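Trainee: Below, each chain spelled out in residue letters.
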Amino acid sequence: MIEVFTLAFLMLVSVASVVAAYLAIRERDMVKAIVYSAIQSAMYALIFYVLMAPDIVLVYIPVSVGITPAVLLFVTKKTERYDGD
Amino acid sequence: MRASEIFVLISIIVFIFSLAYITSLGGLGQLPPVNVRLLAQRYLALTWNPLKPFMSSSGYESVTAIVWDFRGLDTFFETAVFYGAIIAAIAIYRGVKISGKGRTTGMSPIARTITRLSIILIPTVAASIALHGHLTPGGGFQAGSVATVVVVLIIMVFGRKALIRKGVTKARILLFRSLGLLGIGFTAVAILLAGVALGLNAYIFQNQPKLFAPLGFPKLYDGMILGGSLLLFNLFEFIAVTAGFTLVLLLLSLGEEEVRGVVEK
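In order, the protein sequences belong to chains A and B.
For what it's worth, numbering that gives the first Met the number 0 labels the leading residue of the first sequence as 0, then goes sequentially.
For what it's worth, numbering that gives the first Met the number 0 labels the leading residue of the second sequence as 0, then goes sequentially.
Any given hint could be a false lead.
To be verified - Label pairs and their in silico Cβ distance ranges:
| hint | chain 1 | residue 1 | chain 2 | residue 2 | range |
| --- | --- | --- | --- | --- | --- |
| 1 | B | M54 | A | V30 | 49 to 55 Å |
| 2 | A | E79 | B | V262 | 18 to 24 Å |
| 3 | B | R70 | A | Y48 | 20 to 26 Å |
| 4 | A | L50 | B | F14 | 19 to 25 Å |
| 5 | B | M54 | A | A15 | 20 to 26 Å |
Said to hold, decoys possible - With a cut-off of at most 20 Å between alpha-carbon atoms, the simulated EDC-like pairs for lysine to aspartate or glutamate come out as follows:
| hint | chain 1 | residue 1 | chain 2 | residue 2 |
| --- | --- | --- | --- | --- |
| 6 | B | K100 | B | E263 |
| 7 | A | K77 | B | E263 |
| 8 | A | K76 | B | E255 |
| 9 | B | K96 | B | E257 |
| 10 | A | K76 | B | E256 |
| 11 | A | K77 | B | E255 |
| 12 | A | K77 | B | E257 |
Simulated from the structure, these hints should not be mistaken for laboratory data.
These figures come from a predicted structure and were not determined experimentally.
Ideal placement from N, C-alpha and C gives every residue a C-beta, glycine not left out.
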């Protein structure tokens, strides 16, 4: 029974991560796109945690939610915030 | 919602579920077995095994034992690649002066106060992840990336110049990064050097004594598990990763005007 719940939870989180990825690609505002991408990464971190990989979670959360968005924000600052046609 | 968007949504959903179905049937390669594999069993059995002292590692944490002991050389080359990338970043920004002079525009007092608290809390967590890496999940790289979040916060909330004015200059970060790397290199060959000096057999990346190679790092101290070389590797990797990431963030946070003048010369 627990296994079914785990799998259902994993499926929900993975679908949510796909939605976040889709929104990140669609978004014209780069800052919002970076936030969506961070949400997607947070979902991946949850998946890693449920799959019993705490070592990966510990490195994935700071890198994907902290450092990568920061680096992308710095880069966005040097280019344009809004994606044109 | 337009018709094209609905079409995209439906095709994504169909794609995900068909891919999941194919994977579950083994269409994208052999499915991993449900039971623990033989190699994993070996690692789990030998990570902490006082009955087989010549084959076991020195901590409780299997992942750290694999990363820095059983497959230590792999991790060493991974670290080398990471620092190669950082050296490339420094090379691109060569000649750019990073000064802490001038006015800083930070965020609101609320953000500043919260960040001041985090500046103490986050490194504490990072240190516990690094120093407990041989006992609980975690390790040097994990701890280093957690500690870098503080640097991100400081640059975002107080500004880069505030960071430099506090003494976090490029030269000092480079010094810490080199210290960490030297520490990793020295820990890797320490037992070998001791073996050469004493005329005994020894290996590179040796942690615990092996058969016909009696030297090794201390495993226990006063009943406390030290982790041998795992603790040292975690500590030096923590220092090196924090310094490396900090350096890249510091360089990236430089303004376009400051860099362009030097690069276009």
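Trainee: Each hint should be assessed against the structure and marked as holding or not.
Mentor: Cross-check of the supplied hints:
Distance hint check for M54 of chain B and V30 of chain A: the Cβ-Cβ separation is about 53 Å, which falls inside the suggested range of 49 to 55 Å. The given range of 18 to 24 Å is respected by E79 of chain A and V262 of chain B, whose C-beta atoms sit roughly 20 Å from each other. The supplied range of 20 to 26 Å is met by R70 of chain B and Y48 of chain A, whose beta-carbon atoms lie about 24 Å from each other. About 22 Å separates the C-beta atoms of L50 of chain A and F14 of chain B, a value consistent with the hinted range of 19 to 25 Å.
Between M54 of chain B and A15 of chain A the Cβ separation comes to about 44 Å, which falls outside the hinted range of 20 to 26 Å. A distance of roughly 23 Å separates the Cα atoms of K100 of chain B and E263 of chain B; the hinted pair therefore is violated under the 20 Å criterion. Among the hinted pairs, K77 of chain A with E263 of chain B is consistent with the structure: their alpha-carbon atoms are about 16 Å apart, no more than 20 Å. Restraint check for K76 of chain A and E255 of chain B: the C-alpha separation of about 9 Å stays at or below 20 Å, so the hint holds.
For the suggested pair K96 of chain B and E257 of chain B, the alpha carbons sit about 8 Å apart, so the restraint of at most 20 Å is met. Using a Cα cut-off of 20 Å, the hinted pair K76 of chain A and E256 of chain B holds, with the two alpha carbons roughly 12 Å apart. With a CA separation close to 6 Å, the supplied pair K77 of chain A and E255 of chain B stays within the 20 Å bound. Only pairs whose Cα atoms come within 20 Å are accepted, and K77 of chain A paired with E257 of chain B is accepted, the gap being roughly 12 Å.
The earlier numbered hints that this structure contradicts are 5, 6.
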